[in-house]
Amino acid sequence: MAELLTLAVIGLGTYAMRAAFLVMAHRAPPARVARLLPYVGPAVLAAIVVPAFAAPHGTITLAETAPALLAAAAAWLAWRHLKRNLPIALFVGLAVWWIASWAVSAAGGLGLGPS
Amino acid sequence: MTTLAAPKPVVHRAVRDVLPVVLAYAPFGLALGATLGATHLPAWVAWASSPLMFGGAAQLLAVQMLNAGAAGVLVVLGALVVNARMLLYSAALAPHTAAWPRRWRWLAAYFLADPVYALAITRFTGADADGPRERLRYYVAVGLVMWPAWMGLTGAGVLLGGVLPTSLRLDLAAPLTFLLLLLPMLTSRPAYAAAVAGGTVAVAASGLPLGLGLLAGAAAGIAVGGWLGGRDG
Numbered sequence: 001m002a003e004l005l006t007l008a009v010i011g012l013g014t015y016a017m018r019a020a021f022l023v024m025a026h027r028a029p030p031a032r033v034a035r036l037l038p039y040v041g042p043a044v045l046a047a048i049v050v051p052a053f054a055a056p057h058g059t060i061t062l063a064e065t066a067p068a069l070l071a072a073a074a075a076w077l078a079w080r081h082l083k084r085n086l087p088i089a090l091f092v093g094l095a096v097w098w099i100a101s102w103a104v105s106a107a108g109g110l111g112l113g114p115s
Numbered sequence: 001m002t003t004l005a006a007p008k009p010v011v012h013r014a015v016r017d018v019l020p021v022v023l024a025y026a027p028f029g030l031a032l033g034a035t036l037g038a039t040h041l042p043a044w045v046a047w048a049s050s051p052l053m054f055g056g057a058a059q060l061l062a063v064q065m066l067n068a069g070a071a072g073v074l075v076v077l078g079a080l081v082v083n084a085r086m087l088l089y090s091a092a093l094a095p096h097t098a099a100w101p102r103r104w105r106w107l108a109a110y111f112l113a114d115p116v117y118a119l120a121i122t123r124f125t126g127a128d129a130d131g132p133r134e135r136l137r138y139y140v141a142v143g144l145v146m147w148p149a150w151m152g153l154t155g156a157g158v159l160l161g162g163v164l165p166t167s168l169r170l171d172l173a174a175p176l177t178f179l180l181l182l183l184p185m186l187t188s189r190p191a192y193a194a195a196v197a198g199g200t201v202a203v204a205a206s207g208l209p210l211g212l213g214l215l216a217g218a219a220a221g222i223a224v225g226g227w228l229g230g231r232d233g
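For the protein sequence lines, the chains are A and B, in the order given. Going letter by letter, the first sequence gives residues 1 to 115 in the numbering used here. Going letter by letter, the second sequence gives residues 1 to 233 in the numbering used here.
Honestly, the hints are just simulated from the structure, not real lab data. Note that CB positions come from ideal geometry on N, CA and C, so glycine has one too. Careful, some of the hints might be misleading.
[Unchecked claim] One-sided and incomplete, this derived list gives chain A residues near chain B with beta-carbon spacing under 10 Å:
#, residue
1, Tyr15
2, Ala16
3, His81
4, Arg84
5, Ala103
6, Val104
Given the sequences, and given the hints that come with them, work out the whole structure.
Structure follows, in structure tokens:
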């Protein structure tokens, strides 16, 4: 049960971080800090998302990066033009990714030729 | 129950906002559950990361590290670094929750995952700003839908892991979902700049151990957003 204990410790630590300012802070943050807070969401989410598209499996390769970036662009366009509908934009992105990945591997296969 | 008339609209609004997010999280939750179920950990232990952590990225990292036999201290460290963004979410949300009763803020902290934060902050800083009571109702309603949905999706993924076709590739579902949570936040030039800087630095620093690249990107993005925001404003 060491594994369960490890997961529980992570859960407790995560909860402490979530509660830190939400529960403990009584006063408004200093103006210099408050000025930064609106950029937490864009900065953090972009720092999660952009590497995941640029290097889906840790390294930037044409075969993996190009379909992932195409999928991101397609999801963005779908979100903008289809009434900001989240599930539709997601599935448009996934569909573009599947097609582009298939096309890249098919092209790679052709390039290599029959061996 | 005279209070029922007021809460309805904001709770309805919350449910209407969160249901598409739940649907968008379905591929990610199912894929994560399948990955959890495929480890050598007992399935229920791997799944227990859902109620314990309530956050997919750290769950994935922790269970994969445990499966690879990493030392417990390293697993805890890695997952907490990945989740350090919760400190930032907590700080960013605090000014909007200061008027809530303390016991509700304890509960709110438990629900503070990426999608809950993204929906709440978009709502709290939007054009039609609510009072503290409405904000609390909105937040709790979002949490009460998102939490059981996440438990169910990851649980279904664990159970269906062997049944889902391996050709059905869902690994891009998580980043796409996060992208769609990010887009509504891009409402100003400094916000765009924060995202561009955060993403660029995170890619450049992606070689750092323990997911520290994420924190480097976050710090850079917040700094650039704050600098531009101060200059423009």
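Now the hints, each set against the structure:
1. The interface hint given for Tyr15(A) holds, since its Cβ lies 6 Å from the closest Cβ of chain B, which is under the 10 Å cut-off.
2. Taken as an interface hint, Ala16(A) checks out: its beta carbon lies about 9 Å from the nearest beta carbon of chain B, inside 10 Å.
3. At a threshold of 10 Å, the smallest CB-CB gap from His81(A) to chain B is about 12 Å, leaving the interface hint violated.
4. A distance limit of 10 Å between C-beta atoms decides the matter here; for Arg84(A) the minimum to chain B is near 7 Å, and the interface restraint holds.
5. Taken as an interface hint, Ala103(A) does not check out: its beta carbon lies about 14 Å from the nearest beta carbon of chain B, beyond 10 Å.
6. Against a cut-off of 10 Å between C-beta atoms, the interface hint on Val104(A) is violated, since the closest Cβ of chain B lies about 13 Å away.
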